[in-house]
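Engineer: Chain by chain, the residues run as shown.
There are 2 protein chains.
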Amino acid sequence: MSVKITDLARELNLSVATISKALKDSHEISLETKQRVFELAKKLNYTPNPYASGLRKKSSKTIAVVLPEVADSFFSLAINGIESIAHDKGYHVLIYLTHESFKREESILKEFQSGRVDGILISVSGETRTSSHVQEVIAAGMPVVFFDRICEDVETAKVITDDFESSYNATCHLLKAGCSNIVYLSTSPALSINSNRMEGYRQGLADNGAQKSDVTLCTGDNTENYRIIRELLTREKRPDGLIASVEKLTTPIYLLCRELNISIPEELKVVSFTNLQAALILTPTLTTITQPAFEMGKAAASILFKGIEKKDFDLSKEKVVIPSVLAERSSTQTAGVQYP
Amino acid sequence: MSVKITDLARELNLSVATISKALKDSHEISLETKQRVFELAKKLNYTPNPYASGLRKKSSKTIAVVLPEVADSFFSLAINGIESIAHDKGYHVLIYLTHESFKREESILKEFQSGRVDGILISVSGETRTSSHVQEVIAAGMPVVFFDRICEDVETAKVITDDFESSYNATCHLLKAGCSNIVYLSTSPALSINSNRMEGYRQGLADNGAQKSDVTLCTGDNTENYRIIRELLTREKRPDGLIASVEKLTTPIYLLCRELNISIPEELKVVSFTNLQAALILTPTLTTITQPAFEMGKAAASILFKGIEKKDFDLSKEKVVIPSVLAERSSTQTAGVQYP
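Going line by line, the protein sequences match chains A and B. Going by this note's numbering, the first sequence opens with residue -16, and the numbers climb by one from there. Going by this note's numbering, the second sequence opens with residue -16, and the numbers climb by one from there.
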């Protein structure tokens, strides 16, 4: 196996970013450190990746989009936003799915080191806890932009929505509608989006002097989530409000309410993070936190192309927050108020 | 520009397949033809693609999936089926979207000639009328498997569902439920799946001595389709049955029925080709033709890997038909019959 930039970092007890800058002879790095790096690189016969040394061959005119899945309406809309920009630029878009597996994500990013693509847009898997696999590809000179599900600690461009505020607003909306026992249905606890949404929910409760927070984890497959939500809806002190942090929980919630004769919104009010068009034709129509998926895809792609095209463009300075919208519909309706 | 196999074919007035076989010294081709091909190849300085001459470099361990879109539940499930096989084989899957554009499809297939992938799964765009772009990549030695939306005239493996029978059965189901004015909402008329579904509808009407067929084209964007369906539902002799040949028509149909006070199923019965889970939580629940999307993806990938791994495996002999299921629900209910 060839020596990698991470090997140098480990050996010298320095960050990958420092090694990368040292190899590029950056003025940010002290002469002494640079010498240590160069010496070790020579000793271990380290060959810089073509990306790192500016020796990049001709552009592949291709960008990669790394996603956990496509079955969620958020990601299919985001892809359309990304492709709308890429198409204008004459770039191909390759979609890689991790299926929420960290191992797959790692192996996909490794492959990019061979120079197959000119830049990467990534929304990390639910299992992703560390970021060295992303750091490594960035250190090798590859432009990377996070969107939606980010690694907070990686210094590169990020395009997100206001998860905290959206969840905070949804919680206040449910409290105002009369709920006093609101449960937050959580996805992978490690995800940035989830921790922000959960915090927004907690803060919303706290600011209104309401109940203690109550979080139920729904990270299984459909059958497992169905079982978990059934348990929740048949507990002695049944919730009167639900915030579904992910689209795929909507169907089990509605099916179980029908089966258990729980009336939405009279006995249970439901809000879901989703961009599903069908929210409008459910009975009752579903109150949603609608994310600017298409716009986020567009923004992320635009920033990535700046990073690809302009050598001196500093991706680490870019952070874009595009707000979500709470669309109030019948599933959170109170008596006397009519929604479409 | 370098000389391509299609140039040889045009010049000699032979098919691309014949040229390809001749260059491989196949026993199926006469000596005389082979000589003509070799001579022209030499004269024009034709360099066979690495794929064609068995000079293929090391495998890229990657397959491509070329799709019109991912917003439809059929394709997202099919991708999962494909990936379940590819993952076991240790292959990466790249997804390329054509967004229903023939030009994009052509340009994507061209790119594969550079040997970026080991095999291709493709479901063609709604604009695709010719197949030479696929023929060319096959002639260059690349294993290709069609699934769902196929080019009938290309001699390679095809995995499809029983579109004709499904549509025939749906039509008989609507007639039996009392409909006498059934309209078929068509997608791109050139698509193999659509012409088969339309034929099934026509045959179903004919075999029951029923009305003449009545097809409405819905190939626009959402706004345009909404307008077309509104026109249909406000015409003097309003249909009492609809077959939606594509998932995305469901939301406008339900929304318009609510807006126009048309009651489903009493005044209008609705069947849709869709794998959308939300069919179960619509009011009324939606009768669907559920396609074996996951299974089709699995079958297509399995065949492709045979084509990649076994040199003498003849893809052109492979055709798999996996039946769809008519799931009868409340949207086509007759008085006295209860569906979930």
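Incorrect hints may have been included.
A pair counts as met if it fits within one copy or between any two copies, since identical chains are not told apart.
[What the hints assert, rightly or not] Cross-link-like lysine-lysine pairs, in silico, BS3-like; alpha carbons within 27 Å at most: (1) K86 x K72; (2) K220 x K302; (3) K44 x K7; (4) K26 x K231.
Keep in mind that the hints were calculated from the coordinates and are not lab data. These numbers were taken from a predicted model, which means no experiment stands behind them.
Engineer: State the violated hints by number, sorted upward, taking the hints as numbered earlier in the document.
Structural biologist: Of the numbered hints, 2, 4 do not hold.
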